[in-house]
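Could you put together the complete structure from these sequences and hints?
Protein chains in written order, with my numbering: chain A, 1 to 249; chain B, 1 to 273.
Keep in mind that the hints were calculated from the coordinates and are not lab data. There's no promise every hint is true.
As the list claims (entries may be wrong) - Over 10 Å on every C-beta distance to chain B, these chain A residues come out as not near it, computed from the model:
# : residue
1 : Pro72
2 : Asp120
3 : Ala217
What the hints assert, rightly or not - Quick list of the computed label-pair ranges, beta carbon to beta carbon:
#  : chain 1 : residue 1 : chain 2 : residue 2 : range
4  : A       : Gln34     : B       : Ala3      : 46 to 52 Å
5  : B       : Leu113    : A       : Arg138    : 50 to 56 Å
6  : B       : Gln83     : A       : Asp170    : 21 to 27 Å
7  : A       : Trp215    : B       : Ile266    : 29 to 35 Å
8  : A       : Arg138    : B       : Leu4      : 32 to 38 Å
9  : A       : Asn44     : B       : Leu113    : 42 to 48 Å
10 : A       : Arg138    : B       : Tyr25     : 15 to 21 Å
11 : B       : Ala183    : A       : Lys187    : 53 to 59 Å
12 : B       : Leu29     : A       : Lys141    : 30 to 36 Å
Ideal placement from N, C-alpha and C gives every residue a C-beta, glycine not left out.
Below, each chain spelled out in residue letters.
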Amino acid sequence: MSIISCENIEKYYPEGFSGRKKKILTDLSFTVRQGDVFGIVGPNGAGKSTTLKIILDFVRPDKGKASISGHPARSHTSHRHLGFLPENPSLYRHLTVTDHLLFAARTAGMPRGEAMRRADEILCTVDLSHAAHIPISRFSKGMTQRGALAYALFLKPEVLILDEPMSGLDPLGRQLVIDIIRESHQKGTTILFCSHILTDVERICTQIAIMDKGWLAAFTTPQELQQRKDVAKPEMSPLESFFLEVIAG
Amino acid sequence: MNALKTIWAIGLISFQEGLRRRIIYGVVLASLLFMSFAVLISGLFMRDIVKIMLDLSLSAVSVSGLLVPFIVGITLLSGDMEQRTIYTILAQPVSRAHYILGKYLGFAMLTSLIMGILTGATIVTVWGSSHLYAEHFFTSLSFSAIFLSSLMSLLAVLVLNSAMILWCCVTTSSFLATLLTLATYLIGQTVEDIIRFISLHIAGAEVSGLVQKTVQVALYLFPNLAAFDFKQQAAYGLPIPLHEVILLGIYGAAYITVMLLLAIVIFNKRDLA
Ligand SMILES: Nc1ncnc2c1ncn2[C@@H]1O[C@H](COP(=O)(O)OP(=O)(O)OP(=O)(O)O)[C@@H](O)[C@H]1O
Ligand SMILES: [Mg+2]
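See the structure below:
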């Protein structure tokens, strides 16, 4: 069953002061099936974040449509049972991470006692128990990233959308994110994420899309990559060599 | 029902975020200091003691309320867009209309709290002074007039808050939003005077029909904030007619509704990239 779908999406952004429009996404179509871990990789500026923002309805496409769990992206019901981690996440500086979690609980109608229990649990998972009551302004970048991850996972979402979830994290943090994605996958969560770290993508994804200049240039799976192992350059991982092949054209 | 809960949740988190800004306490503290100063000064004008005390204190209440949209409202709203904190809110099943209404609710709670505390302080100081100074100076004192005057000041700030939200949705620049909100305030304060001036037809200052029409249209576009000012009545202990309060309540509510609806329509079209 398809959980996330994009159909023929096209997006233009105004460029500079002239307001001339620049094409950012071209005829983008893909679906993420239930239980998939779908990774989008691509060079800087390829349009990965823009694609995620369109699926989340933060940005409106000029053509085409997106949907989550059968709900059109435009309807806010598509965000039920959804967790999102933005690129360089930003939380309210004067509030604590617990304040944020309680906000999420209120929007979901979760009783306060249960919310506090769940908050303890998820903060423990992302290793932030010690910082539960510290304002975000005193957080390091990695702590903010972990806090935002806790926020995304708090309501045990069925769909997870993560934009560069490993960025700003130390090796322990990176491993933590990988473990969380794996664990969520085992529980049946559908995950869509983008990343620059090809080795990580290769390790955890069931589907991989390579994006370049607003196009989805290629799709592959870890199994396919394994079969290409002999063609790949020895100093590179199969995904790295495939990636360079696709991008270099 | 669910929508109300969502709006409440957004209102609460905005209220909390606003309340943890130190500047809010600075404003309240400065107002309280100013009020103590007003008590001291007014002691010098025995006959007019109540008038001066109330004039100064109620002005402090209304100025503190007016500062909220400028120092907290705009920074919180444009900060949400610039730092992308808005994604945190909109990642939940929250529509953009919920977001606008929730933010408005949060600012309204913040303004009500600040103005409520300061009105309470005004009432306490006036009441305390009435025991301190000769009683016959306080015969004109009317607590209900003080309360109603503050309530109307609050309504004026709530109206300005709604205009501020609209401007923040129209422009991405917080500087421009501040400027537009300030313009709304200034025009809202004076538009009534201009209308009066025009209708007087003072010799040598003839105003053409076109200008008259333009100003009349402006009166409808901008909130008539001066109409909410009952500080003089409160200071002199004059009765504030209830029907006027009710009419202003309806006017304010209608104005706020239109501003927020416009804000939602415009915000709905925007890319939050
Ligand atoms: N708000 C915006 N206004 C105008 N252009 C934008 C805006 N946001 C992104 N772009 C442009 O859209 C293109 C795609 O950006 P996007 O952020 O989607 O890339 P990305 O693949 O996520 O890159 P990265 O790997 O660096 O995160 C870039 O060329 C960028 O300059
Ligand atoms: Mg990106």
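Verification of the hints:
1. Distance to chain B confirms A:Pro72 as a non-interface residue, since its nearest Cβ pair spans about 13 Å, more than 10 Å.
2. Distance check on A:Asp120: its Cβ is at least 20 Å (rounded) from any Cβ of chain B, clearing the 10 Å threshold; non-interface status holds.
3. With a closest Cβ-Cβ approach of about 23 Å to chain B, A:Ala217 is found to remain outside the 10 Å limit, as its non-interface label requires.
4. Between A:Gln34 and B:Ala3 the C-beta distance comes to about 29 Å, which lies outside the given range of 46 to 52 Å.
5. Judged by the Cβ atoms, the range 50 to 56 Å given for B:Leu113 and A:Arg138 is violated: they are separated by roughly 26 Å.
6. Taking 21 to 27 Å as the suggested C-beta distance range, the pair B:Gln83 and A:Asp170 conforms, at roughly 24 Å.
7. As the Cβ distance of A:Trp215 to B:Ile266 is approximately 33 Å, the hint placing it in 29 to 35 Å holds.
8. One distance hint, 32 to 38 Å for the beta-carbon pair A:Arg138 and B:Leu4, holds here, with the actual separation near 34 Å.
9. Restraint check, A:Asn44 to B:Leu113: a C-beta distance of roughly 46 Å satisfies the suggested window 42 to 48 Å.
10. Distance hint check for A:Arg138 and B:Tyr25: the Cβ-Cβ separation is about 19 Å, which falls inside the suggested range of 15 to 21 Å.
11. Taking 53 to 59 Å as the suggested C-beta distance range, the pair B:Ala183 and A:Lys187 conforms, at roughly 54 Å.
12. Between B:Leu29 and A:Lys141 the beta carbons are some 34 Å apart, a value that agrees with the proposed interval 30 to 36 Å.
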